[in-house]
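Peer 1: Going line by line, the protein sequences match chains Z and Y.
The numbering of the first sequence is UniProt numbering, which starts it at 1 and goes up by one.
The numbering of the second sequence is UniProt numbering, which starts it at 1 and goes up by one.
Hints are not guaranteed to be accurate.
The following label-pair restraints were derived from C-beta to C-beta distances [as the list claims (entries may be wrong)]: (1) Z:G65 with Y:I30: 54 to 64 Å; (2) Z:G65 with Y:D242: 38 to 48 Å; (3) Z:H110 with Y:G189: 29 to 39 Å; (4) Z:Q28 with Y:D242: 39 to 49 Å.
Keep in mind the hints are simulated off the structure, nothing from the lab.
Backbone N, C-alpha and C fix where the C-beta goes; we use that ideal spot for every residue, glycine too.
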Amino acid sequence: MSVLLSVRDLTHRYGEFVAVNNISLDIQPGECYGLLGPNGAGKSTTLEILEGLLKPTQGEVLYRGRAIDKTFKQEVGIQFQSTTLPDYLTVYDCLKLFASFYQSHTPIAHLIKQCQLSEIADKLHYNLSGGQKQRLLLALSLINDPSLLFLDEPTTGLDPQARLHFWQLVREIKQQGKTIILTTHYMEEAEQLCDRIAIMDRGQFIAEGTPADLLSDNFLPQIVELEGIYSQQDFGALPIRLSKCAGRTRVECHSFNELMTAFKKAAPSLNGMSVRKPNLEDLFLKLTGNELRI
Amino acid sequence: MNALFALISARNLEFVRDKSALGWSLLFPIIIIVALVLVFDDDNPSLYQVGVYGEVHQLEQVKALKHIEIIYYEDLEQAKHKVSRHLIDGLLSGDSYWVNPDSAQGYILEQVISAKLPELKKRAISGKAVRHVEWLLPGIIGMNMMFSALYGVGYVVVRYRRTGVLKRLQVTPLAPWLFLASQLFSRLGATVLSAAIVFVVIALMFDIRPQGNVLLLVLNTLLGSAAMISIGLLVASRTRSDELCNGLLNVISWPMMFLSGIWFSLEGSKPWVRFFADCLPLTHMNDANRAVIIDGAGLLDIGDHLLFLVAIILICLGVASRSFRWD
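Construct the complete structure from the given sequences, taking the supplied hints into account.
Peer 2: Right, here's the structure in full:
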């Protein structure tokens, strides 16, 4: 399949400050691509360039093999982190207004159903709850039946239930074959929705791939956290990785059973012990550093 | 009590650190005062304006009076017309004088003339003397339209830009000129409709009957309003700052307040003031509306005014859509 969006050697500077430093990526049709990174990593700048809002200092962005032109706006949908809509419009009014901007649009009734807006269709948009507002903004970004959808931190500030609900909507959109570029601060969200992710830091990609590949490249299959401080000698020659924090020891290992068998001392208390698989949160903190950025 | 002082201090910091707001609050009154002084730079502004045509016996006695300004006219009929339109308070020529019976200033002036120049004979001004309300009404409505047009679009567009409404519109295929046109037409409808209602109510209350074609009034009002909305859109085409927008709109609206013939006529003022006034769209709309209401002017008579308004619309909208910024 041909690449939908291709980014080559992208660099963007604000004066002396290099916000994006020579990144390249290819977005395949139908995939959900996650752009992750700490605040100030250059995610927003990258996204604005991909959305066609910002001209990069260097490099090129090709949509279906061609530079971004007027047809691009007809074919993409964008949900910003926060958007203000003109006052005194109901949910239905907003959809109707945005539908008028496009040559062809998805039937409004269909969008209302898809994004579950039917109960609030006659409500003024500024009276909506956080989750309802995000669903409206999602519906607005789908109004032109886009091939490529940008979701910029779509669930920031939502309660857990609204977030789960929103994820379900995104999965349904994926099933329709739409390509999605998503930014988020929630690693769980990326794990749930993204086929591939890129982690950005200081303007560069420091990791890129499928979540499973990235995790197996960076971690042993299991993480065991133990109460108390242990060192390598306690486990003999077993291939493990240890880290210590606040009176606890974190052990990466191939198998929990092997670890327990290898224990030289009396086995540690089961109290306070946890066994889990590594997740993207672990990866994110490992790659971008645990220390607080100031 | 601490909270009170802390809040006062925080608000003061906010105000002082917002450079544009601070700048305007200082600069604006200075500009207004300097401008007013320049426009009316007589030590004692005249209370009465008297037109003079040809020879007038004992004119020196009138000139010796304080607070009376003498304006010379080349054309007697034109000067009489000015009296009937409240543009000047009275007219002297040969052995005659003219005042408008509907003018309070004219009445006082008449008392002065009969005391100082008793041999002058009173003459009736030919044609209908215009009541003051007929002269004032188009100006007041025009002023109202000006504020509604300038601030109505200026503030809204700047707020849309600041809060991100425009950013969301930017990523749709909507063209800037289409957005500007939508603001123009929606405001135009509101402004012209409300002006029409006010006009009808006042016209019924004071029994004002326009001499000319009402459709011509509508055309003129549409063009005048569109011209001022276009100026508002031009001002709001780039800035994100409410204060800057407010300041620029003040700079544009205040001269129109004073110089477009709303409150007083610019009869006898300096040529550069007249020239400046002629550059303001409200002057043209007011003049054209008065000509239609009072004199029954036709399309050709007010053609120049209409062309000027069309030019303002085209220039402002053209520049605004070229320089327009979504963010």
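Peer 1: Please go over all the hints and tell whether each is borne out by the structure.
Peer 2: Here is how each hint holds up against the structure:
1. Z:G65 with Y:I30: 54 to 64 Å: The hinted range 54 to 64 Å holds for G65 of chain Z and I30 of chain Y, with Cβ atoms some 60 Å apart.
2. Z:G65 with Y:D242: 38 to 48 Å: Check passed, 44 Å falls within 38 to 48 Å.
3. Z:H110 with Y:G189: 29 to 39 Å: 33 Å, holds
4. Z:Q28 with Y:D242: 39 to 49 Å: 45 Å, holds
Hint check: no violations occur; every hint is consistent with the structure.
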